[in-house]
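Chains as they are written, first to last, in the numbering used here: chain G, 38 to 633; chain X, 14 to 306; chain F, 280 to 453.
Some hints here could point you the wrong way.
Claimed, not checked - Simulated crosslink set (DSBU-like; lysine-lysine; CA at most 35 angstroms straight-line):
| no. | chain 1 | residue 1 | chain 2 | residue 2 |
| --- | --- | --- | --- | --- |
| 1 | X | K233 | F | K406 |
| 2 | G | K40 | G | K199 |
| 3 | X | K25 | G | K198 |
| 4 | G | K199 | X | K296 |
| 5 | F | K338 | X | K233 |
| 6 | G | K428 | X | K32 |
| 7 | G | K198 | X | K296 |
| 8 | G | K496 | X | K296 |
| 9 | G | K199 | G | K237 |
| 10 | X | K230 | G | K428 |
| 11 | X | K25 | G | K492 |
| 12 | G | K202 | X | K291 |
| 13 | X | K296 | F | K406 |
| 14 | X | K305 | G | K285 |
| 15 | X | K32 | F | K393 |
Hint data in this document are derived by calculation from the structure and do not stem from the laboratory.
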Amino acid sequence: MRKDLVFGMAGSGGDGIVSAGDSLLQAASAEGYHGVMTKSFGSQIRGGESSCRVRISTEPVLNPGGNLDVAVALNWEDFLKFGAELPVAGSTVVIYEAATGVPENQIPLVGVTPLQVIAVPIAEMAKSTAGTERAKNTVVLGLIAGWFGIGGEAVMKGISKKLAKKSQELVDANQKAFDAGVVFAKTHPLKADMTVEPSKTKGAVKLLTDGNDMCAAAAIFAGCQFFGGYPITPSTEIMQFFTSHVWKYGGAVLQAEDEIAGIGAAVGASFAGRKAMTATSGPGLSLKSEMMGLASIAELPLVIVDVQRGGPSTGLPTKTEQSDFFAAAFSAHGDVIRPVLAPTSVADIFRITVEAFNIAEYYQTPVIVLSDQEIASRKETLDPIDTSQFKIVNRLLPTGSDLQDYKRFKQTENHISPISHPGMLGGTYLASGIEHVESGAPTNSGSVHARMNDKRIRKFDPLKERKDLFEITGNPDAPLALIAWGSVAGVCREALQMAREQGLDVKLMVPYLLYPVAEQTYRDFFASVQKGLVVEQSHLAQTFKVLRMHLDLPKGLQSLARSGANPFLPGEIVAALHHLLSELQRSHEGKLQPQE
Amino acid sequence: MSANATCEFQAKDYKSDLKPIWCPGCGDYSVVQGIYRALAAIGRPPHEVAFISGIGCSSRIPGYTTAYGFNTVHGRALPIAQGIKLANPDLMVLAAGGDGDGFSIGGGHIAHLIRRNIDITYLVMDNQIYGLTKGQLSPTSQKGRTTCTSPYGSLENPVNPLLYVLAYGAGFVAQASPTDLAGMAAIIEEAIRFPGFAFVNIQSPCVTYGEEAQQIKGLKAISENLSSLGHNPADRLAAMDLAQHYGEKLHLGVFYRNPEPAPTYDALIRERQAALSKDAPPKERILDLFIKK
Amino acid sequence: MTTRGIDFKALSLKDALDLAVLIEQEAKERYEEFAAQMDQHRTPDAARFFRYMALNEAKHGEALAARRAELFGAAPSAVTRAMIFDIEAPDYDAARAFMSPRQAMTAALASEVKAHTFFVEALPALKDADVKALFEELRDEEVEHQDLVKAELAKLPPDSGLSDEDFVDGPTAQ
Numbered sequence: 038m039r040k041d042l043v044f045g046m047a048g049s050g051g052d053g054i055v056s057a058g059d060s061l062l063q064a065a066s067a068e069g070y071h072g073v074m075t076k077s078f079g080s081q082i083r084g085g086e087s088s089c090r091v092r093i094s095t096e097p098v099l100n101p102g103g104n105l106d107v108a109v110a111l112n113w114e115d116f117l118k119f120g121a122e123l124p125v126a127g128s129t130v131v132i133y134e135a136a137t138g139v140p141e142n143q144i145p146l147v148g149v150t151p152l153q154v155i156a157v158p159i160a161e162m163a164k165s166t167a168g169t170e171r172a173k174n175t176v177v178l179g180l181i182a183g184w185f186g187i188g189g190e191a192v193m194k195g196i197s198k199k200l201a202k203k204s205q206e207l208v209d210a211n212q213k214a215f216d217a218g219v220v221f222a223k224t225h226p227l228k229a230d231m232t233v234e235p236s237k238t239k240g241a242v243k244l245l246t247d248g249n250d251m252c253a254a255a256a257i258f259a260g261c262q263f264f265g266g267y268p269i270t271p272s273t274e275i276m277q278f279f280t281s282h283v284w285k286y287g288g289a290v291l292q293a294e295d296e297i298a299g300i301g302a303a304v305g306a307s308f309a310g311r312k313a314m315t316a317t318s319g320p321g322l323s324l325k326s327e328m329m330g331l332a333s334i335a336e337l338p339l340v341i342v343d344v345q346r347g348g349p350s351t352g353l354p355t356k357t358e359q360s361d362f363f364a365a366a367f368s369a370h371g372d373v374i375r376p377v378l379a380p381t382s383v384a385d386i387f388r389i390t391v392e393a394f395n396i397a398e399y400y401q402t403p404v405i406v407l408s409d410q411e412i413a414s415r416k417e418t419l420d421p422i423d424t425s426q427f428k429i430v431n432r433l434l435p436t437g438s439d440l441q442d443y444k445r446f447k448q449t450e451n452h453i454s455p456i457s458h459p460g461m462l463g464g465t466y467l468a469s470g471i472e473h474v475e476s477g478a479p480t481n482s483g484s485v486h487a488r489m490n491d492k493r494i495r496k497f498d499p500l501k502e503r504k505d506l507f508e509i510t511g512n513p514d515a516p517l518a519l520i521a522w523g524s525v526a527g528v529c530r531e532a533l534q535m536a537r538e539q540g541l542d543v544k545l546m547v548p549y550l551l552y553p554v555a556e557q558t559y560r561d562f563f564a565s566v567q568k569g570l571v572v573e574q575s576h577l578a579q580t581f582k583v584l585r586m587h588l589d590l591p592k593g594l595q596s597l598a599r600s601g602a603n604p605f606l607p608g609e610i611v612a613a614l615h616h617l618l619s620e621l622q623r624s625h626e627g628k629l630q631p632q633e
Numbered sequence: 014m015s016a017n018a019t020c021e022f023q024a025k026d027y028k029s030d031l032k033p034i035w036c037p038g039c040g041d042y043s044v045v046q047g048i049y050r051a052l053a054a055i056g057r058p059p060h061e062v063a064f065i066s067g068i069g070c071s072s073r074i075p076g077y078t079t080a081y082g083f084n085t086v087h088g089r090a091l092p093i094a095q096g097i098k099l100a101n102p103d104l105m106v107l108a109a110g111g112d113g114d115g116f117s118i119g120g121g122h123i124a125h126l127i128r129r130n131i132d133i134t135y136l137v138m139d140n141q142i143y144g145l146t147k148g149q150l151s152p153t154s155q156k157g158r159t160t161c162t163s164p165y166g167s168l169e170n171p172v173n174p175l176l177y178v179l180a181y182g183a184g185f186v187a188q189a190s191p192t193d194l195a196g197m198a199a200i201i202e203e204a205i206r207f208p209g210f211a212f213v214n215i216q217s218p219c220v221t222y223g224e225e226a227q228q229i230k231g232l233k234a235i236s237e238n239l240s241s242l243g244h245n246p247a248d249r250l251a252a253m254d255l256a257q258h259y260g261e262k263l264h265l266g267v268f269y270r271n272p273e274p275a276p277t278y279d280a281l282i283r284e285r286q287a288a289l290s291k292d293a294p295p296k297e298r299i300l301d302l303f304i305k306k
Numbered sequence: 280m281t282t283r284g285i286d287f288k289a290l291s292l293k294d295a296l297d298l299a300v301l302i303e304q305e306a307k308e309r310y311e312e313f314a315a316q317m318d319q320h321r322t323p324d325a326a327r328f329f330r331y332m333a334l335n336e337a338k339h340g341e342a343l344a345a346r347r348a349e350l351f352g353a354a355p356s357a358v359t360r361a362m363i364f365d366i367e368a369p370d371y372d373a374a375r376a377f378m379s380p381r382q383a384m385t386a387a388l389a390s391e392v393k394a395h396t397f398f399v400e401a402l403p404a405l406k407d408a409d410v411k412a413l414f415e416e417l418r419d420e421e422v423e424h425q426d427l428v429k430a431e432l433a434k435l436p437p438d439s440g441l442s443d444e445d446f447v448d449g450p451t452a453q
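Here chain G stands alone, though its shape is the one from the complex (with noise of 0.2 angstroms):
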């Protein structure tokens, strides 16, 4: 008996694999099992490569997965487009169409025996049972509940609901399908037990939800009332959901002309007193840059979520990358401090939106939440989340002595100012985008330029103070260590258990604050470290270079970075851990020495 499980399957987009996917998902969560499922297509609107990874475990899932247990190719040409997506090993059992005509021994996998090889008539099979060829995807789900015992009753519940509502007739059709896939699978059996264990948790409530939907909900929840986008993948269902939701809870949302009028309208409602928010990716974001800058100049509180995908220019639409780490920072000309925060997982981008808004709203400032096409669209079963231990933070508004001579850029203790809204009496104002003084009116002068920028740079002061923003797991006074943020810190926290259930002694930072780059919590983190790896997938090894513009780094902090849609595997991580540890023991004569 297994307790976890990695199926990963690629067909055509006509081969509904994703369907399937959902549906196992699904099932599997409504048994009580944990589970994470991630799609990845190629760039055709219909009938294009596609594929899907899901886990589902008896433990919380960290990530999707390494290496795949079950690899499911409904055509080769399809799945091998996916390579280092859809990873096949000698633990690997594989099943295909065997219309494919491809011998058992002859599979098109370059330098691997999997475990075992099996090819099923899958559209045969589909065609003789529901009438129709297009049935293949529950054939492969009836095949899926016979081998490893996931999904059995709860998918074809899933489907007849889904189905429901068409006709009985199709219903019908689909239980045969089904069925004759659990056939198959019992008639032909595996050889080692890959069945998963009864989840621990049946009947247990939970959550099933992708990143972006998760965002959205998250920002309703914080008191978000606008939102202006335009849409993009692949952020564009964080728009869709507030298009479902947004107006029961008197707010409102535009899909503007274009980005940059997004993003405008979304500062325009944030100048008038509401909290307001965007979503885009990459070229979304290049055109956004001047209306962040505005917003900093301004000092208006606004949340701009960046679902990243593989960039230069269009890139890969559809596919994930951390490469706009430098644009979130640093995009929009003069000398600002932009606060980056990064979730790691559909369940922590729930708090994570949550952070942004308090920290947008309480320092006066844009903030970025740098998602990922991964976490954006990967489906993740949840425990519930109780909302009410979470703080909402609102903008400090004047108060009646404040108005009795209102400057709304008034230097304070902390740089914070009151601030008004239209509406408000006594507060009128002009925010603008050229420099001003305290009461907002335009300046030219140095001298004024000089202490604004002070009062907007330092005001962030505090924030690079919170260690709240940070995971530390691991010895933390381990020589080895991990960083890692986005979705690749999910590879990494599965590297850190494997590599210290080998014995290695190493830990693990995920900061969730990307920018401004808390230096202190770096400089502690990196007192005990002699070796270690950024792992990102950046081919520029974009954070590397952050913190090496901001800190002094351990000399044996390397890069482990690459392009977007080349994932990482905790097992090559801990390969990578392994090989730094022998350096360190070479060079130290196989003692370890703490470093001069």
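Model the placement of chains X and F on the given structure of chain G, informed by the hints.
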């Protein structure tokens, strides 16, 4: 149209202490005066007015009023103004800027505010030149015009702001000019009172870079009052016909006023909010949406 | 130069006096505004002259206001500033950066002529004899004002005839 003698606010209540940086003789001095007067006639307290602009000489205008002002970035007065109006429909929202701001860098936005019919009044101070950057060609500069970026004469046809907004279906389209301050104040007032997107093109001469023919004297010579021409402002096609003469004639007054104003976007939003908030779960329970049974 | 919502046929002496006060007030404020513009644009001689004009207008205004108070006390006014546009106030278009005192005086003279024209044109519509008399008086005063400005103009040495634009710095890009 008679002014109300017991009006709560006077023009001076809308005038701020900031000293304009405009060149003496600039048409915008009259425009801001017209705005003060229009606002006083309507009588909305300054703190309930949000006045948004982009970048350009004319975009300095919100700072010269006592309203809540926002001097934003080049070309983006309208996107920001619409966010303000949708976030708080109770506010009176004005947007202003120059011809470059509105019809060049920000030219893509007008069409969309018009089709949404957001209740914003947009005042363009059209001077056919980029003044702030010292006299370059603008989207409304006449073909053949020599400027510092067209030393051999412009090869481009100008945008026709009036036809542009009429074509997109704006509910209120008018033109004014400092040649007639009283008329301008009345038109701005009417534009603000119009329920829906209202556009006023204001021929406001640039005294520093403007051509001789586009100064007050020249404008007076080509100006004609639309009401004295017998134009019926309910007739959109007739308005479009007259608007063809932009650049040759200066037609002052209301080109088009939709006799049956369409519902505004901001009003429709309110209806939707009211309808959908009735049975909404508290936002603390929004995650219940994700519970799978 | 125009009015809005004033019925000259029905104008009472009280309202006519109020109107005259408002006209002076408008002119005073405009001259102050012009003086501020000249300050902003470093044109001190013209600024000084516009301040002088503002003072004159203020004085006339106060005299008229005193007369009104004597005749009608604090009786409410039926006319407002919203009803008059640029009657005696110089047009915004008349100001220029670096304008010479002569140009400033010429602008002021033009506005006195404008005011004179206003009273002349309004007279035929008036019905009330007292109001008529007041308007005639104001009309004649405008001639006096013109003479005053003309006298100031005469005191000035003649302009060089050279254009200031040939000497000053060009505009600054912002």
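Hints, verified against the model:
1. X/K233 <-> F/K406: holds, 32 angstroms
2. G/K40 <-> G/K199: holds, 29 angstroms
3. X/K25 <-> G/K198: violated, 68 angstroms
4. G/K199 <-> X/K296: holds, 27 angstroms
5. F/K338 <-> X/K233: holds, 33 angstroms
6. G/K428 <-> X/K32: Not satisfied, since the Cα-Cα distance of roughly 44 angstroms exceeds 35 angstroms.
7. G/K198 <-> X/K296: Satisfied, since the Cα-Cα distance of roughly 28 angstroms is no more than 35 angstroms.
8. G/K496 <-> X/K296: holds, 31 angstroms
9. G/K199 <-> G/K237: holds, 27 angstroms
10. X/K230 <-> G/K428: violated, 64 angstroms
11. X/K25 <-> G/K492: Roughly 34 angstroms between the alpha carbons, so the hint for X/K25 and G/K492 holds.
12. G/K202 <-> X/K291: Roughly 27 angstroms separates the two Cα atoms, so the pair holds.
13. X/K296 <-> F/K406: Roughly 70 angstroms between the alpha carbons, so the hint for X/K296 and F/K406 is violated.
14. X/K305 <-> G/K285: This hinted pair holds, its Cα atoms lying about 22 angstroms apart.
15. X/K32 <-> F/K393: Holds, at about 27 angstroms.
The structure is inconsistent with the numbered hints 3, 6, 10, 13, although it conforms to all the rest.
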